[in-house]
Structures are given as C-alpha cells and as structure tokens.
Amino acid sequence: MRITTCTSLVGQGVKGVWKNRMMSFASFCIMLVSLLLVGLTVLLAINLDKAIESMEQKNEIIVIIKDEVDDAAMQKLGDDIGKLSNVSSAVFFSRDEAWADMVEDMSEKEKELFHYADGKNPLPDTYRVQVKDIEIMTETTVQISAFEIVESVESPDEYADVLINIRNILTLVLVAIVLALTGVMLIIISNTTRASVFARRKEINIMRYVGATNTFIRIPFFVEGMLVGVLSGTAAFFLTKFVYEGLYNVLTEDVNVLAMLGINSLYEFSYISKIVLLSYIIAGAFIGAVGTTISTKKYCRV
Amino acid sequence: MIEFKDVSVTYSSTGVDALHDINLKINDGDFVFVVGESGAGKSTLIKLLQKEIDATSGQIDVNGFNLTKMRRGKIPNLRRTIGVVFQDYRLIPTMTVYENVAFVMRCVDAPKKYIKTRVPYVIGLVGLSDKADCLPEQLSGGEQQRVALARALVNDPKLIIADEPTANVDPALTYGIFELLKGINACGTTVIVVTHDLNNVVHFGGRIIRLDKGNITIDQVFGGAEG
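Chains A and B supply the protein sequences, listed in that same order. The numbering used here numbers the first residue of the first sequence as 1 and each following residue consecutively. The numbering used here numbers the first residue of the second sequence as 1 and each following residue consecutively.
Keep in mind the hints are simulated off the structure, nothing from the lab. Quick caveat, the model's predicted, so the values are computed rather than measured. Mixed in with the good hints there might be a few duds.
Computed, partial: chain A to chain B, Cβ under 7 Å [stated by the list, open to error]: (1) Glu203; (2) Met207; (3) Tyr209.
Note that beta-carbon positions come from the ideal geometry of N, C-alpha and C, so glycine has one too.
Could you put the whole structure together from the sequences, leaning on the hints where they help?
This is the structure:
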C-alpha cells in the first residue's frame, strides 16, 4: 500500500472520531472509568506486594530459649532450625549481647533503675531466624515452637497473614474486574465501530464491489478504535496520577498511617509513572484494536 | 471469459433452489443481455460472478479466476476486473461526481497522478465534464446512472455488469445509457446487462440469455433494430 494511501486512511480514522463524536465520547468515558478502576486496583495490589516484600525482608522470628540450657543443646537447636526448609538463617544472640545492646540504648535513669534491681540480666538467649517465604511463616513458627528447649516464639505472622489474605483477595478481585471491564470495553468499542460502519455503509459497499482489500476497508475503523483507546488511556493516567499522589500524601505526610501499620515503603508515583502511562496507552490501544477487529470482521467482510 | 459448468445454487437459509445445473460461456468482448422474471435467478447469477455467494455445486471461471477454489483473500483481485452498475446508482451523496469516480480508484490504491488524469477522461466519456463538481442530488436520474457507469469504467475492468441500469431512468434517457454500454463494449470490454426491459433488448439485439426459475430457457443471438 502506498504511503499516501496509508496516511489518508489514518486521516479518515482520526476524522471518524470527530464524525461519530457522541459514540466516541461514550466509548471514551466507559474506557476511562474501566481503565481507571483496573489501574488503581493494580496499583493497590503492587503496593501491597511491596509492603509484604518489605515485611519479608524483616521477616525475623525471635526464638526464646529456656533458661539453664547448656551450650551444646543451644548449638543443636540452631542446627535443627537451620535445617527447616523455610529458614534462610538462624543467628544466635546471647543474653549478654542482648543486655549490652539494651544497656547501650538506655537512658541514665533507666540504667539507675536496673542498677537497683541488682543489675541482673533478665534477658533470655535467643535465635533470630530469617524465613524465606512469609506466606508459610506460621507453619515455620509452629515447627520451631515444637523444639523442646524453646520457651516461646515471637513472629509477625498474624499481621503478615492479614496482608497476604488482603493481597490474595485483591488478586481475585483484580482478575474479576479486569475480565468484566475488558468485556464491557470490547462491547462498547465494538458498538462504536458498528455505528461508524453504519454511517459509512454506502462507501464500504462500494469499496467491496470495486475490489478494496479487507485491510483497506478496516484501517480507518481500526485507527478510530485505537485512538479512542489511547485518549482514554492518557486521560486515565492523569486521573490516576491525581488520585495516587493525593492518597500517597495523605498516607505518608500528614499522619504517617503507613508507619503506624508497619509499612514503610510505597512506590512514589514518579518512580512508576512511565510504566503506568505506557500500560494505560497499550491497554487502551489494544482494547480499541480488538474491539474494532471484532466489529469490522463481522460487518466489513469483502 | 466467463464459464459456468453445471452450476447450481440452493440457499441454505430458505431452501430455495435459485439456479439448476447452469452451463454458460461468455467470451471476452461479448455483449449479453440476461433477462427473466423476478425470482428467475438473475441476481443470483450476478452474485456468483462477483463471488458474493458460492455455488452449491459446479465450477465457475471468471476473467481467469477459478471461483470454486478461490480463497476469500483473493476476492478483491477478482473484483478489480469487474465494474458494476447498480439499479439504484449507489453514489455517495456527500461526494461530488469527480470524487465518486476518484474514490473507487483510491480504493484500489491507484497512483494520485493517474487518478488526476484518468477521472476527468472517464467523466468526459460519459458526457458529464461540466457536472464534475456537482453532488449526486443535483443530477437527474440519467446523469446519476452515467456517473455510476463512469465509476464502473474508471478502473478499466475486463467485465461490466449492469444490473437493471435503466430501471430508474426516464424512458427518453434509456436509449443513451444502452448506447454508452454498446460503446464501452465496442472498445473490447465484456458487458452483461441484466434487465427485464424486453423492448430495449429487442431494439438493440445481441446475445440474449433468458432465465426462468433457475434454468436457462433461451440462449440466442438476435439481430435487433440497430442491426
């Protein structure tokens, strides 16, 4: 196909958006809302993932060892814990080391208070255990608790469980939202194209009779659908930026809600903006192209 | 050349047998009238020639294309060898005469320079040079049909199919349309005129194929008043 013909067909597609402005606007709005819902849910999910990841990096289980256990037993406990499949490391932290750390952090008044309590070290010997997968932290905690010389185990497993459950539910919701909204977007774009095809039915009929190829007939509609998709994606990006940055500021600046929840890291929008914009545009263009293809395949066949 | 070998068409949706074992040969440069009552199978014949529908059985060859084995992707190639004139003209109302004719050249990706020279020439051939900038609504029925004829001619097809070309034209202008078609045929283009207007058929003469309930009942050459 000649470049001039190609340019002309693309131009027809662009004009088509304006010619069918009511339907194009309806498609634009539906796609905007759909992309926005999908985009915000995805962003929520990836931030939750990041929060869980950051927790995984601090996935420390503290194993408190019973008093008056000899060194050999403690050493054996360390070896046994290290053999558990979900354990990446188990570091012994003696009561003396813990006491030294604690004293170092104490104020003078606190030090005085402990001095009155005969200066005895009240702390136990511990193992600080790092796990590989936070999702099975509870199981690992139970396994460690089962060792005879273990007094107790402290782990953030309940909190991690809550976050993981939210993430899993969110993933399901996300899949459902993506499927449902993709369906809606395809139907809407497909209907817009049908309206365009109907408006140009005489031309299409003539094109078919004189030997225009399918590609020639479909390109303007294809461009029209993709353009609406790209515009919706771009608008969705700016709305997402507005909503995301607003929420980010509320959660991190005024009162640090995230820190209160133990989450200290969220993606800054500037960090993810390029990939968000690209994803929105690609998703919009893709939906526009597929919706148009469905419609034109049925109504523009030579 | 057009050749039908034992061609039958049964519409699966209605169960109507539109054509029965048709055997037909039209040579390059022929002028053929296809006549018949409504429901005789004339439209089905035209649809087969353009591969709008497929034959239920038999073999069809049109302008060197075997339609029975033809893939859908090749249909545009076949249609570029055929020019069609419709009963209802089917002009695009928002385009001028020039644009209507140029449009079909653009559809087959013709070079711009060639379009600029070819379109005025063909519009001149049908006698509408002074109406090139008019919209279809500003033209009479006969003039609109001439535009349709110019549009069918502009891509220089091997075959022109005129489906009831004079049905919506003033009787006084009918003669002119047929004269034009005869002129086109004289230049070597095969012309098939589908009509129920027997008066003109008799007047112009030529090969006449009569269809009746899906069968060819007459396939003869008549002299005609024109000689």
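The hints, checked one at a time:
The closest approach between the C-beta of glutamate 203(A) and any C-beta of chain B is roughly 6 Å, which is under the 7 Å cut-off, so the hint is satisfied. Satisfaction of the interface hint for methionine 207(A) is found here, the shortest Cβ-Cβ separation to chain B being roughly 5 Å, below the 7 Å cut-off. Annotation: tyrosine 209(A) was flagged as interfacial toward chain B, and the flag holds, the nearest CB pair being 5 Å apart, inside 7 Å.
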